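From just these sequences and the hints, can you work out the full model?
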Amino acid sequence: MDGQRLNLLKKIMALEFTALELNLYLDTHPNDQRALAEFNEVSQALLLAKKDYEAYYGPLLNYGFSPSHNAWRWVEEPWPWEISF
Amino acid sequence: MWIYEKKLEYPVRVSSTNPALAKNIITQYGGPDGELAASLRYLTQRYSMPIPQAKAILTDIGTEELAHMEIVAALVYNLIKDASIEQIKRAGLDGYYADHDRALYFVNAVGNPWTATYIQSKGDPIADLYEDMAAEQKARATYEYLIQLSDDPDVTDALRFLREREVVHFQRFGEALNLVQDYMDSKKFF
Ligand SMILES: [Fe+2]
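Taken in sequence, the protein lines are chains A and B.
FYI, in the numbering used here the residues of the first sequence are 12 to 96.
FYI, in the numbering used here the residues of the second sequence are 111 to 300.
If you're looking for bench data, these hints aren't it; they were derived computationally from the structure.
Every value quoted in this text rests on a predicted model; they were computed, and no experiment measured them.
Among the hints, erroneous ones may be present.
Unchecked claim - Calculated pairs, DSS-like style, for lysine-lysine (alpha carbon to alpha carbon, straight line, at most 25 Å):
#1 K22/A x K116/B
#2 K116/B x K21/A
#3 K21/A x K62/A
#4 K232/B x K248/B
#5 K232/B x K62/A
As structure tokens, then:
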């Protein structure tokens with residue numbers, strides 16, 4: 012996997028991890044407006060980063076949550092456990 | 111419904127082929143305090159939770175544990191995929207090899223298969239959330255033992271991440287327990 016792709020993937024991993032952490036926190040603090048604002052900000056950045064990645068390297072999500080424009084790229088390797096970071 | 115995302119939660123790298131380390135780490139795949147047990151425990155307990163916050167946290171942590179199962183699998187897969195028969199024998203992984211080759215299977219560090227008796231679903235939300243908090247502490251302790259046993263700094267890095275997640279999960283389950291307790295007090299449940 013080339014460096015540019017790896018960097019974009021790592022950026023997505025970092026953003027999504029931040030969103031996940033805020034998600035768990037909000038589950039037990041649903042009225043925390045500051046955390047909610049932060050969550051929405053990260054969620055927006057994550058959406059953009061994923062769109063960017065998928066345009067070049069194919070779908071990240073299955074079942075219709077990612078487009079696959081000219082070819083069915085979902086089957087392409089590497090799968091997550093085959094990537095060397 | 112679950113959607114698969116074609117990425118790991120945390121980047122996995124191993125320095126070299128190391129079946130001896132894989133033999134220990136596989137306990138977090140199919141052992142008593144491993145990620146499969148954690149995920150299935152939370153995802154099955156959520157149905158009898160009395161408040162929405164508890165249903166949410168069990169769903170979300172149960173889902174994150176599946177991502178941890180995938181990280182552990184990626185570690186074991188990469189530690190054994192290029193191992194020679196000689197290396198497998200020397201690591202004491204020959205018994206595993208006889209049954210599974212280099213495939214992934216749910217066993218603990220001494221080869222016992224995963225069993226549903228590792229987990230409980232009591233129907234009593236207080237009892238279940240206390241079990242979940244204990245489960246997170248046991249998983250944290252296991253990751254600490256694995257970090258002590260690890261001779262691969264790249265593997266140790268992933269183990270540290272997984273250990274840290276157990277600490278956060280413990281915190282969130284404690285908060286959910288308080289919310290459930292408040293709810294039950296307000297209902298004068300018994
Ligand atoms: Fe956990």
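query: Quick one, are K232/B and K62/A close enough, alpha carbons at most 25 Å?
result: Not satisfied, since the Cα-Cα distance of roughly 43 Å exceeds 25 Å.
field: Proposed proximity, K116/B with K22/A (alpha carbon, max 25 Å)
entry: Judged against 25 Å, a Cα distance of about 14 Å means the pair holds.
- prompt: Is K116/B close enough to K21/A, meaning Cα to Cα at most 25 Å?
  reply: Satisfied, since the Cα-Cα distance of roughly 13 Å is no more than 25 Å.
message: Can you confirm whether the C-alpha distance between K21/A and K62/A stays at or below 25 Å?
response: holds, 14 Å
- prompt: Taken at face value, is the distance from the CA of K248/B to the CA of K232/B at most 25 Å?
  reply: Between K232/B and K248/B the Cα gap is close to 19 Å, so the pair holds against 25 Å.
When held up to the earlier numbered hints, the structure conflicts with hint 5 and nothing else.
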